[in-house]
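Knowing the structure of chain A, use the given hints to seat chains B and C on it.
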Amino acid sequence: MRAIQDLLGRRMPRRMFLLAIVAAGLALSWAIPHGNWVNKYIQMILVFIGINIILASSLNLVNGYMGEFSVGHAGFMAVGAYMSSVLTLKVFHLTGPSALFPVAILAGGLAAGLCGLLVAFPSFRTRGDYLAIVTLAFLMIVKSVIENIPYLEGASGLVGMKRLTTLPWVYFWMVLTLWTLRNFIYSTYGRGILAIREDELAADIMGVDTRRVKVLVFVVSSFFAGVAGGLYAHYLQFISPRSFDILKSTDIILMVYLGGIASLGGSILGATLYQVLMEVLRPGTFNQAFSWLPDPAFQWLSDRVFSHLDVWRMMILPLLLILVMLFRPRGIMGLRELPIFVPLRDIQERRKPGRGGEP
Amino acid sequence: MIDLRYVLQQALNALQLGSIYALIALGYTMVYGVLTMINFAHGDVFMVGAFLFFTASVLLHLPFVPALLFAMIGTAMLGAAIERIAYKPLRSAPRVSAIITALAVGIFLESAILAVNPYPRSIPQLLPDTTWSFGGVSFSLLQVLVISLSLGLMVVLDIVVYHTRVGMAMRAISWDRTIVPLMGVPVNLIITFTFALGAGLAGAAGSMYALAYPVIDPYMGVMVGWKAFIAAVVGGIGNIRGAMIGAFLLGGVEILVAAFLPSTYRDFVAFSLLLALLVLRPHGILGKARPQKV
Amino acid sequence: MVRRIVCSTVAVACVLASACMAAEPRIKVGVIAEMTGDMPAVGASCKNAAVLAVKQINDEGGLDVGGKKRKIELCLEDNAGKADQSASAAMKLITQQEVVAIIGPNASRYAIPAAEIAESSETVLITPWSTNPKTTLDVGTGKPKKYVFRACFIDPFQGRVVARFALDTMKAKTAAVLYDVASEYNKGVAEVFRANYEKLGGKVVAYETYTTNDKDFSAQLTKIKSASPDVVFLPNYYSEVPLQVQQAHRLGLKAPFIGSDSWGSSELLKLGGKDLEGYYFSTHYAADSASPAATRFIEAYRKAYGVVPDDVAALTYDAFGLLFTALKNAGKTDREAVRNALAVLPAYPGVTGEMTFADDSRDPVKSAVILQIRDGQFRYFTNAKP
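Residue numbers (this note's numbering), protein chains in the order written: chain A, -8 to 350; chain B, 682 to 975; chain C, 0 to 385.
Okay, chain A solo, but in the shape it has when bound (with noise of 0.2 Å):
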């Protein structure tokens, strides 16, 4: 891989390289709806598999490379689909494709990292399983507080957004998700923030500013956490309180530790792995799959064994994830990067980041 990287490096600048790829990304987001070139259900998992990278990529920096367990980052999200639904529905009363769309998901995106502002001061004290509790603490005080407001109709849910979300808007945000976190990774505060993982009390010595990265971390990640709120509210023309839950939080956790923590190629794996086994174990995908058999013989199949992988479905896919941690403890790409992702005197120095050391 890093070897066909290096043969292209030389022969094109990487840069271009890179911006190639992404330009081809974006037609080939904007072609694939425009042409019906995948029917719309291939469609929408694309869309939601980018939305989960976004989210596995974002809590990743929280979990993966500062080494914290946070279970709030649905909370964020919630906050991001919360804010963006109501200035699209009740504030610039949007009914179909405006410029105020990107506005609405990027006010989203910041009441979000306001909100992990809020988050990150209890974390200068507080770490490890207190901070997870003070992550659960919020995810739980947005949920109440959502439920008791009537201007957003409490639980019954905000429906009436249209669906702005598009296959080019997701592909546009996330790559602005992972460009940043990238760059965030591999910058001097990137730099600290592994230093807090591996220890905190010596990068404090070392001279990093512990304080202002455990900010700027949650902040950064919990704006992207609401940016992906916004487009999921903007994808399904509904939310409620209900959709992000803890188990919304636990979702997202599993992807980033199947994928692999410290890595966003992790990340982009943990995501789309997950969604595409969601769909691919569906008992209708078996149905679909020997629907050629003849009658009576499908017919069993179909009654006595497709019928009941609705439920088998749900224990596939923690068995898979246990022996993924069983033989790669830190996910499949724990700690490893795509060659894309790492800048190029990296990768000429042959240093792999937070190589070594336990998370």
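Treat the hints with care, as some may be off.
[Said to hold, decoys possible] Cβ-Cβ distance ranges computed for the label pairs, FRET-style: (1) K969/B to N174/A: 34 to 42 Å; (2) N339/C to F281/A: 31 to 39 Å; (3) E335/C to G87/A: 20 to 28 Å; (4) K172/C to L740/B: 56 to 64 Å; (5) G139/C to T736/B: 46 to 54 Å; (6) P141/A to A299/C: 38 to 46 Å; (7) G816/B to D190/A: 58 to 66 Å; (8) L91/A to G141/C: 56 to 64 Å; (9) T736/B to D287/C: 28 to 36 Å; (10) S119/C to F281/A: 52 to 60 Å; (11) W28/A to L740/B: 51 to 59 Å.
Hints listed in this document are in silico derivations from the structure and should not be mistaken for laboratory results. Computed from a predicted structure; not experimentally measured. Glycine included, every Cβ here is placed at the ideal spot set by N, Cα and C.
Same frame as chain A, but now just chains B and C:
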């Protein structure tokens, strides 16, 4: 509106809820104390305990005490098996890998029970439904039993951990896992025993919970597990008495907020208080900040 | 040896295939149920009823569509109790499985995202159990959606029925409400009940909430007890109501309880036992005064699964009934034709009562019944017209 009887009744309610949380938090915190590993599957082992109790009492027609023992032994074996299969290979892995594995084990247990039985089940009344009333304050045999059982278990655990050789080994392992094997302590055995004990406690908690709230379902352990986690952490995780205090605090806050404020705000106020507490005492009530070597 | 097995398998397959070739292609009907996630009991009932409905039709040789008998193929999908998976399941059924129509999801928070997909893909979706008015409404225009129907009545209707019953029949001047603030169904019914009860002259003296998965209601019940209401309304699920009533009795709360259709499962009786004796609730149908069709369904269901069907099962079965009738009337399996046939369906005698769709509404007009729990059974008490 606020008269003494009302306050007393609510205090009793808080005591019951607190002791239920305590029952679950004890097993949680003990495993943590030894392994410094959050066992997120604990809530689901608790659920399996409730279902085993259901199996024993409804399908096998066992009376209360054998059914309770059945559930405890069953979950203890389950706990030991989970430890051997899913956690032991991860001893040297990062801490968080074991946490994620535990999370996955929990989801697996939920789905496994769900695959067998998606419907809520009811537990028959195995104990006489005796209620006493003193000047308008009513309390039941069940309440007395739950409260005394959790207090009793706390004492037993305290004795096991602080006054037996096994307990000494447990504490030694939690202090330093690299040196202890050199002293001849069978680390693997002790850790498996700890898990089995913790899971057995979860089984007891599940059975008592099923008696107190006699409708059980495959997802009953999720929220309860998180609440027990909160109780254990607030008290100072790894500290048995702390878990007890944390549980009663959580139960008390939940009941009192609902009693004296509009109950809609209960979660909001309860979790805000929790946040405030952790900001003021970042290591829980009885937890100590471990000195860091530089 | 291997070759022989292969040969014989192929031979059998050929025979079977040729036997089936002659038959008309199956009509695909999609079902989205909450098989896993936070309400597996709802999903299980929905699935059971769906399997039964399809099996009954297929055992009769199929559905008569346009003069030909055609078998039904059930395409069952799980939504894992997630809004996004409800949407993707709907999309999958529509684009990949090419179903004629979708039954489900049940809870409103899953039904609404799926309904948006069905509407934009121009495919009929009948939700058996979603009582939120917004499921069938296009919120932007305030008009009903074109393709989304439901088999149940909506929250406002039921809240009104129970409020009037409490005031007129039970002569309760004051009432207390305890409901799940985090669940849209409970909240919807509770709000409508309070508004109507107070409009009709009653007084709500305690309005208490809890959160889904709570098992301890002692604080709220103690509070309700100290407000001493004439009646306590519990618009909550049948798995929670027995706990609430039991705890209330232990606390010495003597006021009678009333409930809504979420009580309507035989599980309630099993879970609640003697504690529920004498209480009333509103629901869709009464098993003891059921129509012949309903009795047949109840018997078949009991034979197949060993339990009396709950409200989700009955409503799912009715959703299938509506769809089959529409298919018959349309005479073809074209999605648009099915939708049009459904919209003008003449009164359909379902398990849960007779229903029709009024002009420009996708919510059926149907009446509710008030049941009383007597001698450990649901007994018909009175009828409540819309």
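Range hint 34 to 42 Å: satisfied by the CB atoms of K969/B and N174/A?
Since the Cβ atoms of K969/B and N174/A sit about 40 Å apart, the hinted range of 34 to 42 Å holds.
Should the hint that G816/B and D190/A are 58 to 66 Å apart at their CB atoms be regarded as holding?
For G816/B and D190/A the Cβ distance comes to about 60 Å; the hint holds.
Distance restraint evaluation - L91/A, G141/C, Cβ atoms, bounds 56 to 64 Å:
violated (22 Å)
Consistency of beta-carbon spacing, T736/B to G139/C, with hint 46 to 54 Å:
Holds, since G139/C and T736/B (Cβ atoms, about 52 Å apart) stay within the stated range.
Hint check for L740/B and K172/C - Cβ pair distance inside 56 to 64 Å:
violated (47 Å)
Range hint compliance [Cβ, W28/A to L740/B, 51 to 59 Å]:
Holds, since W28/A and L740/B (Cβ atoms, about 55 Å apart) stay within the stated range.
20 to 28 Å as the expected CB spacing between G87/A and E335/C, which holds or is violated
holds (25 Å)
Do the beta carbons of S119/C and F281/A sit within 52 to 60 Å of each other?
violated (30 Å)
Note whether the CB distance of N339/C and F281/A lies within 31 to 39 Å or breaks it.
holds (34 Å)
Would you say the C-beta atoms of T736/B and D287/C sit inside 28 to 36 Å of each other?
Once the Cβ atoms are compared, 33 Å apart, the range 28 to 36 Å for D287/C and T736/B holds.
P141/A paired with A299/C, Cβ distance criterion 38 to 46 Å
Holds, since P141/A and A299/C (Cβ atoms, about 45 Å apart) stay within the stated range.
In summary, the numbered hints that this structure violates are 4, 8, 10.
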